[in-house]
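Undergrad: Same order as they appear, the protein sequences are chains A and B.
Under the numbering used here, the first residue of the first sequence is numbered 34, with each subsequent residue one higher.
Under the numbering used here, the first residue of the second sequence is numbered 820, with each subsequent residue one higher.
It is worth saying that the hints were derived from the structure and are not from the lab.
Keep in mind the model is a prediction, meaning the values are calculated, not measured.
Among the clues, some could well be false.
[What the hints assert, rightly or not] Calculated lysine-lysine pairs in the DSBU-like style (CA-CA distance at most 30 Å, straight line): (1) A/Lys-99 / B/Lys-904; (2) A/Lys-299 / A/Lys-231; (3) B/Lys-828 / A/Lys-99; (4) B/Lys-904 / A/Lys-347; (5) B/Lys-832 / B/Lys-900; (6) A/Lys-99 / B/Lys-900.
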Amino acid sequence: MKKSNIPESQFELQVPDSLKTEEMTLSMGPQHPSTHGVLQVILKTDGEIITSAKPQIGYLHRCFEKHAENITWHQVIPFTDRLDYIASMNNNLGYVIGLERMMNLEVNERAEHLRVVVSELNRIASHLIALGTYGLDIGAYTPFLYVFRDREKILDLFEEICGARLLYNYIWVGGVAYDAPDGWREKVLEFCDYFDPKVKEYNDILTFNKIFIERTANVGVIPAEVGINYGVSGPSLRGSGVDFDLRRDDPYSIYDRFDFNVITGKGEMGTVGDTWDRYWVRVAEMVESVKIIRQALENLPEGDAKETVPRNIKVPAGEYYMRTETPRGELGFYIISDGSKMPNRVKVRSPAFCNLSVLPAVAPGVMIADLVAIIGSLDIVLGEVDR
Amino acid sequence: MTAQEIHNKIQEKFPDTIIEFNDSVLQPFIKLTANQFNEVCQFLRDTDGLDFDALMNLSGVDYGEELGTVYHLYSMQHRHKIVLKVNVTRENAEIPTVADLWRTADWHEREVFDLYGINFTNHPDMRRILLPDDWEGYPLRKDYVQPEVYNGITIAHPDMKGDSDEEK
Chain A
34 MKKSNIPESQ FELQVPDSLK TEEMTLSMGP QHPSTHGVLQ VILKTDGEII TSAKPQIGYL
94 HRCFEKHAEN ITWHQVIPFT DRLDYIASMN NNLGYVIGLE RMMNLEVNER AEHLRVVVSE
154 LNRIASHLIA LGTYGLDIGA YTPFLYVFRD REKILDLFEE ICGARLLYNY IWVGGVAYDA
214 PDGWREKVLE FCDYFDPKVK EYNDILTFNK IFIERTANVG VIPAEVGINY GVSGPSLRGS
274 GVDFDLRRDD PYSIYDRFDF NVITGKGEMG TVGDTWDRYW VRVAEMVESV KIIRQALENL
334 PEGDAKETVP RNIKVPAGEY YMRTETPRGE LGFYIISDGS KMPNRVKVRS PAFCNLSVLP
394 AVAPGVMIAD LVAIIGSLDI VLGEVDR
Chain B
820 MTAQEIHNKI QEKFPDTIIE FNDSVLQPFI KLTANQFNEV CQFLRDTDGL DFDALMNLSG
880 VDYGEELGTV YHLYSMQHRH KIVLKVNVTR ENAEIPTVAD LWRTADWHER EVFDLYGINF
940 TNHPDMRRIL LPDDWEGYPL RKDYVQPEVY NGITIAHPDM KGDSDEEK
């Protein structure tokens, strides 16, 4: 199986002729509450069973890559905020580290620690949204209110450190835009103490809820080799049991100094790689993120976080492919410089784009209601799919 | 496996296909001809010791004279990487698809077709992916001029009227 080609036709559902009813074509989206944005899926159904699902994307295309070729290196950073708009810190980080490696720039230690703290806080915020909206998709309204209550506290912390709640433009080449204000470190530690018991609350109300498990276990199984072949990454790939996390396996920033576990799906409620596994990886990852934040704050050095921010950014001619682990998976920036003040090319390898592309492979054979569960478990953000 | 060893393996099996090998840049790359590209990729994916089972990224590039596609490969098993490049002329922009080897390439190749107009031969579903089907031109080419009207709707901003990239 490993080395064979995976043809799309393998996933077409074969229905015996005697049972065949009329095939129906349905358009789900682009204005649909459970497609997480302007995603359209063209469904072919036989009764209520899906025989093929084709995602139609591009409704939110904003020409990021074309814009990036016409603005200076630093001006690209706010544009990266708008790719995956619920995990903007992580987007900033990927682009900025790519540039720093091309420029061979050392970054101030305090700035490095602050970067890790805000990235992991943003990971928690993003996973909280994933949990809450997933509950909504499945039909559970209450967890949504719980997670938004806690996400609000993270956004308050961000507001305090950089003035923005969603689109931060915080991580700059060579450092960060603002140093942490007095007392911020203590507030984050306070949040960590507050947050730890909340995970149990989510588990009680959603994760181990019998109805939720019935809806998600054994649904939308992505086998590991299919996931790798389709470029699925992040929690969606780890849900399939692949022990791979770029923070550990292709380290960047100072992640190699921290002690944390990589969570993988084990098929506790059904099959390895089902939607419950992908959901569970996100829940458990939030706990690991809290661990990293605590370690980073413990060793937070004194100093000036803007010390190494250069006045002019001069990127030597060359190219680099930088990939980082965002809440959605492997976010890659392929940057080409010709030595001028503007990028020659910035290509974004979007994790949500690749994760979504696996949908035609897993959808055939499931009910329409389960398709909603599958799309939710992939945790796509259309701003990043369409760029 | 280092880039040099990977290069040697390809050189051994496909002696005529390598145009350039550069080991002195940040990420070493191998530039290949388009004609045997699918076979080389199959070799890279299926040979023991190489096992490039993941296509990290596939990106179109406009080099001015030529167009090109860049492939970033990764092996989950051996944790090694390599960059492949294929260049084509603007007039005859055709590259064999690798969507049969890595399904990641399916949508990425459609994206390159959409924005650069490079045609991937034998691709199962070669059509635009991000832009509307009736869009004219390939926006990420450096000589692209933004149209002023699309289906009767004025789209050009007054500041940007008629400017190509070089003039700005």
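Undergrad: Does each hint fit the structure? Answer for all of them.
TA: A quick look at each hint next to the structure:
{"no.": "1", "hint": "A/Lys-99 / B/Lys-904", "in the structure": "21 Å, holds"}
{"no.": "2", "hint": "A/Lys-299 / A/Lys-231", "in the structure": "23 Å, holds"}
{"no.": "3", "hint": "B/Lys-828 / A/Lys-99", "in the structure": "37 Å, violated"}
{"no.": "4", "hint": "B/Lys-904 / A/Lys-347", "in the structure": "26 Å, holds"}
{"no.": "5", "hint": "B/Lys-832 / B/Lys-900", "in the structure": "19 Å, holds"}
{"no.": "6", "hint": "A/Lys-99 / B/Lys-900", "in the structure": "27 Å, holds"}
When each numbered hint is compared with the structure, a violation occurs for hint 3 only.
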